[in-house]
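J.: Protein chains in written order, with this note's numbering: chain A, 1 to 130; chain B, 1001 to 1211.
Because the hints were derived from the structure by calculation, they are not lab data. Just to be clear, a hint being listed does not mean it is correct.
Now the stretches of chain B that chain A is said to cover, found in silico as 3 or more residues with beta-carbon under 8 Å [claimed, not checked]:
id: 1; segment: 1018 to 1025
id: 2; segment: 1032 to 1044
With the Cβ distance kept under 7 Å, some of the chain B side facing chain A (calculated, not the full set) [unchecked claim]:
id: 3; residue: Glu1014
id: 4; residue: Arg1028
id: 5; residue: Asn1203
All C-beta atoms, glycine included, are put in the ideal place defined by N, C-alpha and C.
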Amino acid sequence: MAYRVLVVDDSKLARMSIARLLDALRPDWIRVEAANAAEAIAWQGREPIDLALLDFNMPGPDGLALAADLHNRAPAMPMAIISANNQDEVVARAHALGAAFLPKPLTQAALQEFLAEVEARVTTTGQAAD
Amino acid sequence: MIALDEMQRDALTELVNLGVSRAAAALRVMIGHEIMLSVPRVEIVARGNAARMIGEQEGTRLVAVRQDFEGDFSGRALLIFPETKSLELVRAIIGGGLPLEDIVALEQEALAETGNIILNNCLATIANVLKRSLRMSLPDIMRGDGTELFEVSGTGDPNDVVLVLYINFTVSARDITGYIAMLMDLPALRSLRELLDELVLRNMASPDVPR
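The shape of chain B in the complex, shown without the other chains (with noise of 0.2 Å):
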């Protein structure tokens, strides 16, 4: 079973902090609330169990918007709300003044450009902070419980395991609450971890020593 030292999962998770801090200046502009975070939490589990970890909390039916990252390490983000903060996601977004079926009508479109704002956001922090480069797809809106959301590759095999970051964020304003939370699978996982040693070993280096 591959896990991470004390050092990389400390590193992860500030590099995760830093990236979902981001995120969530960039979701204070559009919203024009105050978007508070908790402190991320980084698990190496059975795919399974990563379902399991939103859905229980949550309740079973979720929107996401989903964005898959590939480069030196893969894996896929997303934004999730329960189903039901969704439209109010959406509302506080585009101004309290439209009627809701405006609302409605706009609810697919405002979710992904939102979603690919925040996110973007987040894995740009991250690749810029690893020094290296991600390629990102589009968003792409899912509908369902946690598990079809938290299938990586399509053929998930329950008892692979999978590094799960996630975050969670609420809009006390609005009564919006939402997760921000990353998965990749093993590759992905070995490549990060040498990812995460470069970046100690550059904190630790002489700062004459360029970054």
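The shape of chain A in the complex, shown without the other chains (with noise of 0.2 Å):
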């Protein structure tokens, strides 16, 4: 199945840096990208999104505010936080939100990671997600 991914980050560097590992790991999936919480929410409305890669520490709502938000929308849809702040408190909510925190800069390797682990998530269930 070729997902659709949603990148949130408001450095053009790491969406390109995401991009380009999301290009050698899954070359098929469509990659669509946001600079902020309300060009993400906006991409969540136009279109359904299979997964979501969000920045934490962005101007105006930050990640863990626009997980919630995408949560709320779509509660099947799997998320990852990217940060360098792998701080108790922000891992935390990451997970009570569902969603895998990543630290950053991300590797291949722990996006290979979680990729798998939502891949057989979605199987085990026997449903893409919302």
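Starting from the two chains in their separate frames, assemble the complex, guided by the hints.
T.: As structure tokens, then:
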């Protein structure tokens, strides 16, 4: 299944870096990008998103606020917060929303592990995400 | 006037974000309370105005832990607090059980050690991502207003431009606010631009190319 992945980061460099890894790991997946929470919500309203990769520290609502918003709109959608800020509270809030926490700079190995886990989850439940 | 293009500024802001996020995680371990970070700001300003960026917002009396760094690019990193918050930070780190006179006695040492951990985390992350090594001086405690803290070389002409990176952090549970700031002057800024271009290129390359 070709997933539609939403990548949200205020830094173009960070989006490029994630895009590069995604292209290597899942070249057939479709990627949409947003630079902030408002753009991300607009994408989500426009078309179904299967997976969201969210930066934490962004101008406007941060990645955790965005994750909460997306979770309300699409409770089954897998999400990951990507940040170098691995404080216990940040990781715990990500997990409370059912989101994974991936360290930044993101490595191909860490992303691969997360994608494989998401695919296994979707296969087990027998359905794609919302 | 030397400037950063949009992609260089983006890369630098992201780099500072990475460095400061790591530093906040280290401070979280020391304090035991969550550290909230602002979005980083990157500005190229006249040296005289750099001082005002901090001084204006927090009043005039500041205490800072300073570490100078040198290598492919050189500059100064500062962990800055309003002087009134300094003891509160020390108290948060060494625990609340000690009498005030002990906390005052430990202030210099605790500040230097805290600054060392925070600034090293920040600078080491930046150096690693840029694939360069930076040598860092020992931490030094400074007290003064923004102008005194932001003097990079000691002979600074107030009309020189400097690159200022800063981020505001708060520990809401302990009523502590402060800044992490970095200052670089013109030669450093030229070298930094080249390193940022390399970083952008590395992130555009195919992942099969070793980074």
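J.: Check each numbered hint against the structure and report the violated ones by number, ascending.
T.: Checked against the structure, no hint fails, so every one of them is satisfied.
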